[in-house]
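Engineer: All chains should be modelled from the sequences, with the hints used to inform the complete structure.
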Amino acid sequence: MAFAKGTRKYHRSGWLLAAALASTGSLHAEIVFHGSGTTLPGAEMVIEASRGETRGSNLFHSFSVFNVLGGDAAVFVGP
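The sequence shown begins at 3 in this note's numbering and counts up by one.
Simulated from the structure, these hints should not be mistaken for laboratory data.
Among the hints, a few may not be true.
[Stated by the list, open to error] Listed next, with one range per pair, are the computed distances between beta-carbon atoms:
id, residue 1, residue 2, range
1, G72, V48, 15 to 23 Å
2, V79, R57, 12 to 20 Å
3, E32, G58, 26 to 34 Å
4, E32, S59, 26 to 34 Å
5, H36, V79, 13 to 21 Å
Glycine is no exception: its CB is placed at the ideal position from the N, C-alpha and C atoms.
Structural biologist: And the structure:
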């Protein structure tokens, strides 16, 4: 019986956690460029080479937020 009681407490905790996460708002994909604050919209976010900085033969991008959800894509287009 002690095992069943412990399971019930765990189950109750799981529901509380799920409710807390649900109340924080919906999840969304978001990419925000560092410095400019520019946000890319949509499920397929295209990041052009012109948004980055070239040093030698390397291309660098800087983001303050980089969240891509499952099923979405961040596509880097470069030279």
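Engineer: The structure should be examined with respect to each hint, and the outcome stated for every one.
Structural biologist: Hint check:
With their beta carbons about 19 Å apart, G72 and V48 fall inside the hinted range of 15 to 23 Å. Range check, V79 to R57: Cβ separation about 18 Å, and the 12 to 20 Å hint holds. Taking 26 to 34 Å as the suggested C-beta distance range, the pair E32 and G58 conforms, at roughly 30 Å. Checked against the hint of 26 to 34 Å, the C-beta distance between E32 and S59 comes to roughly 30 Å, which is consistent with it.
The supplied range of 13 to 21 Å is met by H36 and V79, whose beta-carbon atoms lie about 19 Å from each other.
Of the numbered hints listed earlier, not one is contradicted by the structure.
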